[in-house]
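The residues making up each chain are set out below.
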Amino acid sequence: MNWVNFRARLKKVFRSAWTPFAAIPIALLLGGGVLLLAGYNPITAYEAMWQGAFKDKTAFTEVLIKATPLMFIGAGLAVAFKCSIWNIGAEGQFYAGAVMATVVGIYLGDLPRFILMPLVLIVGVIGGALWGMIPAYLKNRFGASEVVTTIMLNYVAIYITGYLVTGPMIETKGMFPQTPKISAAAWLPRFFPPTRLHIGFIIAVLLAIILYIVIFKTSIGYTIRAVGINPIAARYAGINVRKNILLAMAISGGAAGLAGSVEVAAISYRLYQLISPGFGFDGIAVSLLVNNNPLGVIFSGFLFGALRSGAEVMMMTAKVPSVLVYFIQGLVILSVVAFGAYRATTKEIEE
Amino acid sequence: MDLLPVVIFLQSILAATWRMATPILYAAVGEIFSERAGVLNIGLEGVMLIGAFAGYSVAYESGNLILGLLAAIASGILSGLIFSFFTITVKANQIVVGAAYNMIGMGITGVLYRVFYAESGRALSLKTFAPIEIPFLSQIPFLGEVLFKHNIMVYATLLLVPLATFVLYKTAFGLSIRSVGEHPKAADTVGINVNRTRYFAVIIATTLAAIGGAFLVLAYADQFVEGIVTGRGFIALAVVVFGGWSPWGAMGASLLFGIFYALQLRLQAMGNIMIPYQFLQALPYVVTVLVLIGLTKRRVQAPKALGVPYK
Numbered sequence: 001m002n003w004v005n006f007r008a009r010l011k012k013v014f015r016s017a018w019t020p021f022a023a024i025p026i027a028l029l030l031g032g033g034v035l036l037l038a039g040y041n042p043i044t045a046y047e048a049m050w051q052g053a054f055k056d057k058t059a060f061t062e063v064l065i066k067a068t069p070l071m072f073i074g075a076g077l078a079v080a081f082k083c084s085i086w087n088i089g090a091e092g093q094f095y096a097g098a099v100m101a102t103v104v105g106i107y108l109g110d111l112p113r114f115i116l117m118p119l120v121l122i123v124g125v126i127g128g129a130l131w132g133m134i135p136a137y138l139k140n141r142f143g144a145s146e147v148v149t150t151i152m153l154n155y156v157a158i159y160i161t162g163y164l165v166t167g168p169m170i171e172t173k174g175m176f177p178q179t180p181k182i183s184a185a186a187w188l189p190r191f192f193p194p195t196r197l198h199i200g201f202i203i204a205v206l207l208a209i210i211l212y213i214v215i216f217k218t219s220i221g222y223t224i225r226a227v228g229i230n231p232i233a234a235r236y237a238g239i240n241v242r243k244n245i246l247l248a249m250a251i252s253g254g255a256a257g258l259a260g261s262v263e264v265a266a267i268s269y270r271l272y273q274l275i276s277p278g279f280g281f282d283g284i285a286v287s288l289l290v291n292n293n294p295l296g297v298i299f300s301g302f303l304f305g306a307l308r309s310g311a312e313v314m315m316m317t318a319k320v321p322s323v324l325v326y327f328i329q330g331l332v333i334l335s336v337v338a339f340g341a342y343r344a345t346t347k348e349i350e351e
Numbered sequence: 001m002d003l004l005p006v007v008i009f010l011q012s013i014l015a016a017t018w019r020m021a022t023p024i025l026y027a028a029v030g031e032i033f034s035e036r037a038g039v040l041n042i043g044l045e046g047v048m049l050i051g052a053f054a055g056y057s058v059a060y061e062s063g064n065l066i067l068g069l070l071a072a073i074a075s076g077i078l079s080g081l082i083f084s085f086f087t088i089t090v091k092a093n094q095i096v097v098g099a100a101y102n103m104i105g106m107g108i109t110g111v112l113y114r115v116f117y118a119e120s121g122r123a124l125s126l127k128t129f130a131p132i133e134i135p136f137l138s139q140i141p142f143l144g145e146v147l148f149k150h151n152i153m154v155y156a157t158l159l160l161v162p163l164a165t166f167v168l169y170k171t172a173f174g175l176s177i178r179s180v181g182e183h184p185k186a187a188d189t190v191g192i193n194v195n196r197t198r199y200f201a202v203i204i205a206t207t208l209a210a211i212g213g214a215f216l217v218l219a220y221a222d223q224f225v226e227g228i229v230t231g232r233g234f235i236a237l238a239v240v241v242f243g244g245w246s247p248w249g250a251m252g253a254s255l256l257f258g259i260f261y262a263l264q265l266r267l268q269a270m271g272n273i274m275i276p277y278q279f280l281q282a283l284p285y286v287v288t289v290l291v292l293i294g295l296t297k298r299r300v301q302a303p304k305a306l307g308v309p310y311k
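These protein sequences, in sequence, are chains A and F.
Going by the numbering used here, the first residue of the first sequence is number 1, and it counts up by one from there.
Going by the numbering used here, the first residue of the second sequence is number 1, and it counts up by one from there.
Among the hints, erroneous ones may be present.
Cross-link-like lysine to aspartate or glutamate pairs, in silico, DMTMM-like; alpha carbons within 20 Å at most [stated by the list, open to error]: (1) A:Lys57 / A:Glu312; (2) A:Lys319 / F:Glu119; (3) F:Lys170 / F:Glu182; (4) A:Lys319 / F:Glu226; (5) F:Lys91 / F:Asp2; (6) A:Lys57 / A:Glu47.
Derived list of chain F stretches under chain A, where covered just means 3 residues or more per stretch with a C-beta under 8 Å from a C-beta of chain A [to be verified]: (7) 14–25; (8) 191–201; (9) 211–223.
No lab work stands behind these hints: they were computed from the structure.
Where is the CB? At the ideal position from N, CA and C, for every residue including glycine.
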């Protein structure tokens with residue numbers, strides 16, 4: 001490789017990688033403005049946030065724990081978004097996976113560990129994938145917009161969960177609307193007790209890598225991307241568009257469902273109404289931030305995990321409401337798309 | 001058999017139907033302008049939230065509902081400018097920007113509400129727009145309750161829908177909007193400023209959505225709570241499709257949703273019925289999905305350039 005060529009490549013890599021780094025300070029700056037408006041000292045607040053995320057080993061493992069569901073969901077959504085299927089329903093698919101995992105973890109709790117543990121994760125994938133395939137089917141068969149149907153199914157999944165944890169699955173003699181704990185045989189191993197870091201984190205990173213390979217290095221991924229770029233052209237080229245839409249939704253739903261089952265099997269050990277603090281929506285930002293590249297999701301998932309984990313500490317120590325994170329995430333996305341458009345107009349980018 | 005309880009049940013549901021339909025209808029009529037011009041705004045939920053919060057805080061602090069409404073309108077215009085800037089000027093993906101805007105709306109209203117109201121220990125409710133009983137008509141049995149005892153923001157939809165229809169179909173501005181959404185290039189060649197037309201259409205949409213959000217605090221519930229819009233922005237998107245991108249169609253579709261909202265609330269209020277209340281709460285969302293499926297038979301074409309930025 002000659003020097004000029006190398007420089008061109010380096011330039012290209014740099015061009016596609018710098019936007020998140022530029023977007024985040026801008027978002028934090030504007031978020032600081034809101035903090036000022038609300039009567040906080042932004043520096044104290046961000047200091048508390050940083051401390052909350054990186055103060056010590058325990059804090060850092062909590063960041064990784066928060067990043068885990070975001071990586072699962074983000075990597076899955078990257079596949080759907082590459083197919084131009086706007087799955088806003090990862091939240092519901094997460095719940096579908098969590099419900100399935102809890103049902104199996106409780107009612108089949110007598111199974112031996114080596115069967116039960118993988119089974120809980122597998123049914124989570126299946127639950128999420130099926131919940132995700134409903135909108136795909138409705139789009140294929142009836143032309144129903146997935147943007148609307150996935151969102152509606154979020155509400156349905158959350159209300160079903162609410163019904164289960166207050167009704168048929170409520171813990172006996174329980175004071176709280178939650179299920180009993182799943183069988184200990186289904187619990188995922190943790191690395192460094194007393195921290196809660198669990199094997200799910202490794203699975204999430206692996207899934208991101210696998211989905212990266214699938215999307216960018218296999219013919220399956222190629223056809224999914226072809227459908228995403230131009231479904232009509234893809235059909236002329238002999239690609240079964242509907243099958244690919246179904247597949248993309250199954251993958252992204254399955255990944256979100258896996259996130260749900262991992263959350264149950266490694267962290268909460270049970271199901272309750274608000275088991276997801278909005279992971280499915282954060283996952284959208286996680287994927288978009290890195291231009292829907294599953295490998296990049298490892299980075300952006302970590303970043304948003306740190307934001308969320310830090311925000312929770314910020315809420316406790318600096319009394320700043322953690323919903324601020326949504327505002328910051330929204331601004332991060334807007335900054336990224338603005339930079340992306342700027343890049344496109346400078347026209348120096350080649351595909 | 002005694003029919004009276006049935007009639008009273010029906011009356012109570014139908015009386016709430018129009019009111020429940022109103023916030024969705026405002027947002028949907030607005031979104032029709034935007035989508036007819038080729039811009040899909042899935043950020044309506046966030047726009048409505050911001051409108052609701054702006055309306056609430058100004059009405060609460062000033063004690064004046066009209067000022068609250070004006071504040072909501074101002075917030076809607078601002079939301080429209082932001083959304084247009086990113087989708088039309090920057091030409092970013094409309095769904096991405098919409099999703100981001102929902103997060104922004106949820107985040108900013110959540111922080112401000114908690115700081116200024118939830119944790120302040122102040123009494124939070126405000127005096128909402130009172131129902132206006134139409135003389136004589138409100139005395140008609142059944143129909144009086146159902147149609148003639150609403151507040152001003154509900155009645156205003158009777159003006160909004162024909163007005164929107166008139167603007168869309170009978171004015172030059174409406175023609176530009178529709179042509180820009182069908183064939184922007186052709187519109188451009190006959191001298192229509194595509195991007196400017198889209199800016200206006202988007203701002204109309206977000207302004208009406210913000211009014212719909214404000215309705216929730218000024219004329220329905222008497223206070224703001226986090227996430228008060230609960231998916232109505234998304235339901236409005238479904239209503240636009242179901243109503244075939246026409247204001248009258250949207251009115252019919254919103255009323256249908258209104259019925260299910262009202263039914264759900266009524267059944268919940270009745271207590272001890274056999275259906276778990278979560279299933280009732282899920283009803284409007286399930287109906288949305290079913291409605292979208294039902295559309296396949298009478299498919300109305302979406303604007304051709306919907307979702308596509310213009311060069």
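Task: Hints the structure fails to honour - done: As far as the earlier hints go, 5, 7, 8 and 9 are violated by this structure, in ascending order.
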